[in-house]
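Listed in order, the protein sequences are those of chains A and B. Note that the working numbering has the first sequence beginning at 39, numbered continuously upward. Note that the working numbering has the second sequence beginning at 7, numbered continuously upward.
Some hints here could point you the wrong way.
What the hints assert, rightly or not - Quick partial rundown of chain A residues pointing at chain B, CB under 8 Å, derived from the structure: (1) Q109; (2) M200; (3) V201.
These are calculated hints, taken from the structure and not from any lab test. Using N, Cα and C, we set each Cβ at its ideal position, and we do this for glycine too.
The residues making up each chain are set out below.
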Amino acid sequence: MKHIFTFCLVLVMGFTIQAQDKWFTRSGEISFHSSTPVEDIDAVSKTASSVLVPSTGQIQFSVGMKSFVFQRALMQEHFNENYVESDKYPKATFKGKIDDLSKVDFTTPGTYEVTVSGQLTVHGKMNPVKTNATIVVSKDGIHANASFDVTPQDYDIAIPKMVEDKIAKQITVKIKATYQPLNK
Amino acid sequence: MRKFVVAFCCLLATTGWAQEEDLLGLIEEEQPEKEFEQASFKTTRIVNAHSIENTHSGVLDFKISHRFGMINTGAYEFFGLDQATIRLGLDYGISERLMVGIGRSSWNKTIDGFAKYKILRQTTKASQKQMPISLTWFSGMYVNTLKWADPDRDNKESSRLDYAHQLLIARKFSEGFTAQLMPSLVHRNLVPTKDENNDVFAIGAAVRQKVTKRVSVNAEYFYVLPDQIPDTYENSLSLGVDIETGGHVFQLHITNSTPMTENGYIPQTTGDFFDGDIHFGFNVSRVFTIVKPKEFRDP
Chain A
39 MKHIFTFCLV
49 LVMGFTIQAQ
59 DKWFTRSGEI
69 SFHSSTPVED
79 IDAVSKTASS
89 VLVPSTGQIQ
99 FSVGMKSFVF
109 QRALMQEHFN
119 ENYVESDKYP
129 KATFKGKIDD
139 LSKVDFTTPG
149 TYEVTVSGQL
159 TVHGKMNPVK
169 TNATIVVSKD
179 GIHANASFDV
189 TPQDYDIAIP
199 KMVEDKIAKQ
209 ITVKIKATYQ
219 PLNK
Chain B
7 MRKFVVAFCC
17 LLATTGWAQE
27 EDLLGLIEEE
37 QPEKEFEQAS
47 FKTTRIVNAH
57 SIENTHSGVL
67 DFKISHRFGM
77 INTGAYEFFG
87 LDQATIRLGL
97 DYGISERLMV
107 GIGRSSWNKT
117 IDGFAKYKIL
127 RQTTKASQKQ
137 MPISLTWFSG
147 MYVNTLKWAD
157 PDRDNKESSR
167 LDYAHQLLIA
177 RKFSEGFTAQ
187 LMPSLVHRNL
197 VPTKDENNDV
207 FAIGAAVRQK
217 VTKRVSVNAE
227 YFYVLPDQIP
237 DTYENSLSLG
247 VDIETGGHVF
257 QLHITNSTPM
267 TENGYIPQTT
277 GDFFDGDIHF
287 GFNVSRVFTI
297 VKPKEFRDP
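Generate coordinates for the entire structure from the input sequences, incorporating the hints supplied.
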């Protein structure tokens, strides 16, 4: 009898672990900006997917490369066709975690400064990324913001000499997501 | 027994952890219903003919098209470089499907206007719904503004007008290769002689092959169906290279057609390509964003 009870308890615990709350969004905003004296390049996607697990601090992102809208349409075409080769590498992903999870209380509304580190995959190439991020816990969900720089060469994105002056060495990526509970 | 239970518990727990690795799988979206192929051609023209590409919505494209004289005119004419035929044009994308344009050619001092509408758009392999081809309707109108040859005659303004209608059927077979078919009808209100039909039917074919990411080679050919125009006219044949440099596309080509508008290069090409009646020419395109995408407009 005792054993059965323990077994049941364990089973329940097991499920609890599996069913720990996850938060998600399908409308995360990812934008990037390249600035040179010659010209600025701006693009934004508002359809990034992301899952956040408050209990473990895990955070993952995925965005379709073709979902980026550029201020100039021809740039968008060239971005997909020549630079990130969207047909071959349709998505960029980030898999990481909040390093200082203890700083965040997901049950109390407030603003928390954290660092997030993980692996960013773009154009089929993976590189480690570490960035400061802000997590805002509020009644309408969990908000996350971050901004970091990436170097196109790290992701094997070739920039021809001809346009070298027009594309910044460092591209600033900005992330804005509002999470809702994931009901499974 | 208890040990077994604990082990089982651990196993369950680890299972839980292992599943965490791909969190995104939990909210994975289905394949996009429709995703259209992009960049079947580098620009809206192949050489003379329109490709199925349109200027994007809200984008103005300034095109300078230039044909030198014929190469076989020899050193005296500097192999054609002493002469020039030019068309200046403005194309504008009203929507992602509809593009309109106007132009002025030195050939017959022609002013032209056209509209081009994407009826079908080829989808990518990743799409749920599949459309194997792109289909575009093209209609153009052309006004010859040369001075009347005999001003004392009863000249009718309507006799200056030509029209062209085309269906552009294209398929991007692979990243680098695209083929296009162009059934075409040119109508001329007035023709020079009785031997020429007012309506001329032709079938055009074009291919492009990318050589590198930014360079492609193109060819286009228009076959005029028999018994419509005198034998002195030739079918239009053009070969070209497209070079893309950021905001510009340069198109360099050789062609036996002097005119650059449909009413001209389809029924009125006089050069014999294989006899050396070849024009060297180029099209230069520069785009300007007039209306920004909604993501970048101030709220």
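Hints and how they fare:
1. Look at Q109(A): its Cβ gets to within about 5 Å of chain B, closer than 8 Å, so that hint holds up.
2. For M200(A), the interface hint holds, since its Cβ comes within 8 Å of a Cβ in chain B; the closest pair sits about 5 Å apart.
3. Below 8 Å, beta-carbon pairs count as interface contacts, and V201(A) has one with chain B at about 5 Å; its hint therefore holds.
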